[in-house]
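So the sequence lines, in the order shown, correspond to chains P and D.
Going left to right, the first sequence walks through residues 300 to 619 as the working numbering numbers them.
Going left to right, the second sequence walks through residues 300 to 619 as the working numbering numbers them.
Among these hints, one or two may not hold up.
To be verified - Straight-line C-alpha distance at most 30 Å; calculated DSSO-like pairs for lysine-lysine:
(1) D:K336 <-> P:K493
(2) P:K520 <-> D:K520
(3) P:K336 <-> P:K493
(4) P:K395 <-> P:K579
(5) P:K471 <-> P:K582
(6) D:K493 <-> D:K483
(7) P:K336 <-> P:K428
(8) P:K359 <-> P:K370
(9) P:K321 <-> P:K428
(10) P:K428 <-> P:K308
(11) P:K510 <-> D:K464
(12) D:K321 <-> P:K520
(13) D:K428 <-> P:K336
(14) D:K337 <-> P:K520
(15) P:K313 <-> P:K337
(16) D:K520 <-> D:K336
(17) P:K337 <-> D:K493
(18) P:K493 <-> D:K483
(19) P:K510 <-> D:K337
(20) P:K321 <-> P:K510
(21) D:K451 <-> P:K336
(22) P:K510 <-> D:K520
(23) P:K336 <-> D:K493
(24) D:K493 <-> D:K510
(25) D:K510 <-> P:K510
(26) P:K569 <-> P:K370
(27) D:K399 <-> D:K464
(28) D:K464 <-> P:K520
(29) P:K337 <-> P:K399
(30) D:K308 <-> D:K321
(31) D:K321 <-> D:K428
(32) P:K337 <-> D:K337
(33) P:K359 <-> P:K308
(34) P:K337 <-> D:K510
To be verified - Just so you have them, the derived chain P footprint on chain D, three or more residues with Cβ under 8 Å:
(35) 523 to 530
(36) 556 to 562
Hint data in this document are derived by calculation from the structure and do not stem from the laboratory.
The C-beta atom is built at its ideal place from N, Cα and C for all residues, glycine as well.
Number of protein chains: 2
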Amino acid sequence: MELKNSTIKLDAPKGSNVVVLKNLYLSCDPYMRTRMKKIEGSYFDSFTAGSPITGYGVAKVLESGDSNFEKGDLVWGLTGWEEYSVVTPTQSTLFKIHDKDVPLSYYTGILGMPGMTAYIGFYEICSPKMGETVYISAASGAVGQLVGQFAKMLGCYVVGSAGSKEKVDLLKSKFGFDEAFNYKEEHDLDAAFKRYFPDGIDIYFENVGGKMLDAVLVNMKLHGRIAVCGMISQYNLETTEGVHNLFCLITKRIRMEGFIVFDHYHLYPKYLEMIIPQIKDGKIAYIEDVAEGLENAPNALVGLFSGRNVGKQVVMISRE
Amino acid sequence: MELKNSTIKLDAPKGSNVVVLKNLYLSCDPYMRTRMKKIEGSYFDSFTAGSPITGYGVAKVLESGDSNFEKGDLVWGLTGWEEYSVVTPTQSTLFKIHDKDVPLSYYTGILGMPGMTAYIGFYEICSPKMGETVYISAASGAVGQLVGQFAKMLGCYVVGSAGSKEKVDLLKSKFGFDEAFNYKEEHDLDAAFKRYFPDGIDIYFENVGGKMLDAVLVNMKLHGRIAVCGMISQYNLETTEGVHNLFCLITKRIRMEGFIVFDHYHLYPKYLEMIIPQIKDGKIAYIEDVAEGLENAPNALVGLFSGRNVGKQVVMISRE
């Protein structure tokens, strides 16, 4: 990644449905790594070398040829990693922000794509029931921290893993997880699962892949469910780790299901209705890690893959 | 395995619910291999060294302490690999045979556990729709040959793989598959799938595991389903092959689900109602490979793992 200065034309030609945005916050999300190489069947097109990368962000509309948006609107959705962007929105790529009574940056996280990912992944894919045991990897990340709290609200026993003592402490003290552990300090993941889940795992919210998934598989309960949200441990590898314990899918009758949030954006209004009061009433905790300035964006994104961020990684471009 | 001569007491003590069986046919099924070692989380207990192995079979009741069975009944279910067995049946381990107007050996296959496996796996787990594309590995086996015919009945496009020219020919000429290939002759499985499924696979009925699964994953369609029935290629390995392409579960929103037939035996009467008329009307084809005599049973079982059998492998012990 390199920072480039150039001039772009900031207008929306008449008759086009182009929208001109001033970017305020950019979102660093693990899936973006998969757009930097050709991963067989990735869900997004690869980035175009020489052009600004694209991703989720919060922005202000400067001009609009699309009747759904007008000058001055605040929006979130797919934009460019640049100060100003010219986009052609669709129904599932740009959303008007109605509630401004919360930090705007939240629309890159709890109120945006990662929030919806947690909501859909947990409620729609995991088929959770009160009292079930839930394990979440990358649990202090943008998605994990929310999934854990949703599971607690439903009366589940919730354990998360993360990669530092600070994060593990947050999981227990701030997000209300029943237990949490630092996966980097567990040389035997299987033993860790036997310790925290002596009777097995009903639900695994998969953010990590590889060895973690292998260790989880043998610790699942009968009729368990695995919602496959991401596999961050694999994105930087030339050759992905092989998963050896898939035979457990049969013996334990496990359902393992991948999903992508943008199949489910029709449920976004329903999600906001649920989550905004919780935020305002202080019933849900949310932590973000904000880098300042476009020049710090590449570093912030790269940091996700060594777990440098604590909570949702955001880049502030401009305070309106 | 060794053949042993010994004497057993063939009576059903009063007040017990023991049933004494004369075994007629024994069923050779791939899952039995997993009972010969400690596979993490196998669905059956391991075999007991020094005792006769157990498995599905067809038998005649000689004596019964269980009011559900009486002397002279023909039954199928879990029995021993021996001439006579003494069993304590439960509702899902021993079934009375009502329709004797079909070959009795069919109750080890199309009318027994493998038939129910095909029925449940295809209709309950795959969520099939007319016109979808279906791939079946180990397609000429006891389960595969039925799944393919069920899929054709529903108007699906069906491709199967097997390990010899003879089996491939059977798949097309006898079982009505649209296409079939010999996986041993495809050095590039991915290319084979691109050839037979240019637009991808909606449903994969998984009997094989390992490299086969990896190649299928990248060739699945969006929202595809994988019913995980077995992984025969892995049972004889010290270390299972790693599966590398699970990231496709996300990008293609795939549901991958393991199942075991014995969770579903309550649907057996419904299955018989469907399948028996089809057999009698010649609308469904079924091939079995019958070995004669208990002394040939070990060899017949071992043959499954090199694909020596053509169709369902049965061992005839006695013709009543």
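A quick look at each hint next to the structure:
1. D:K336 <-> P:K493: At roughly 22 Å apart (the allowed maximum being 30 Å), P:K493 and D:K336 satisfy the hint.
2. P:K520 <-> D:K520: Within the cut-off at roughly 29 Å; holds.
3. P:K336 <-> P:K493: violated (37 Å)
4. P:K395 <-> P:K579: It holds: about 20 Å lies between the C-alpha atoms, which stays within 30 Å.
5. P:K471 <-> P:K582: The given pair, whose Cα atoms are some 15 Å apart, holds under the 30 Å limit.
6. D:K493 <-> D:K483: Judged against 30 Å, a Cα distance of about 17 Å means the pair holds.
7. P:K336 <-> P:K428: Between P:K336 and P:K428 the Cα gap is close to 38 Å, so the pair fails against 30 Å, i.e. violated.
8. P:K359 <-> P:K370: Cα-Cα ~8 Å, so holds.
9. P:K321 <-> P:K428: violated (43 Å)
10. P:K428 <-> P:K308: Between P:K428 and P:K308 the Cα gap is close to 53 Å, so the pair fails against 30 Å, i.e. violated.
11. P:K510 <-> D:K464: Violated. P:K510 to D:K464 sits at ~39 Å, over the 30 Å cutoff.
12. D:K321 <-> P:K520: Violated, at roughly 38 Å.
13. D:K428 <-> P:K336: This hinted pair is violated, its Cα atoms lying about 35 Å apart.
14. D:K337 <-> P:K520: holds (18 Å)
15. P:K313 <-> P:K337: violated (37 Å)
16. D:K520 <-> D:K336: Status violated; Cα separation ~36 Å.
17. P:K337 <-> D:K493: holds (18 Å)
18. P:K493 <-> D:K483: This hinted pair is violated, its Cα atoms lying about 41 Å apart.
19. P:K510 <-> D:K337: At roughly 21 Å apart (the allowed maximum being 30 Å), D:K337 and P:K510 satisfy the hint.
20. P:K321 <-> P:K510: Given that 30 Å is the threshold and the Cα spacing comes to 42 Å, the pair is violated.
21. D:K451 <-> P:K336: Given pair D:K451, P:K336 is violated - Cα atoms ~39 Å apart, limit 30 Å.
22. P:K510 <-> D:K520: Between P:K510 and D:K520 the Cα gap is close to 26 Å, so the pair holds against 30 Å.
23. P:K336 <-> D:K493: Holds: P:K336 and D:K493 sit about 22 Å apart, inside 30 Å.
24. D:K493 <-> D:K510: holds (16 Å)
25. D:K510 <-> P:K510: holds (18 Å)
26. P:K569 <-> P:K370: holds (26 Å)
27. D:K399 <-> D:K464: violated (34 Å)
28. D:K464 <-> P:K520: violated (41 Å)
29. P:K337 <-> P:K399: The hint is violated at about 38 Å.
30. D:K308 <-> D:K321: holds (13 Å)
31. D:K321 <-> D:K428: violated (43 Å)
32. P:K337 <-> D:K337: violated (39 Å)
33. P:K359 <-> P:K308: Roughly 16 Å separates the two Cα atoms, so the pair holds.
34. P:K337 <-> D:K510: holds (21 Å)
35. 523 to 530: holds (count 4)
36. 556 to 562: Contact hint for the segment 556 to 562 of chain D vs chain P: holds, 5 residues under 8 Å.
The structure shown violates the earlier hints numbered 3, 7, 9, 10, 11, 12, 13, 15, 16, 18, 20, 21, 27, 28, 29, 31, 32.
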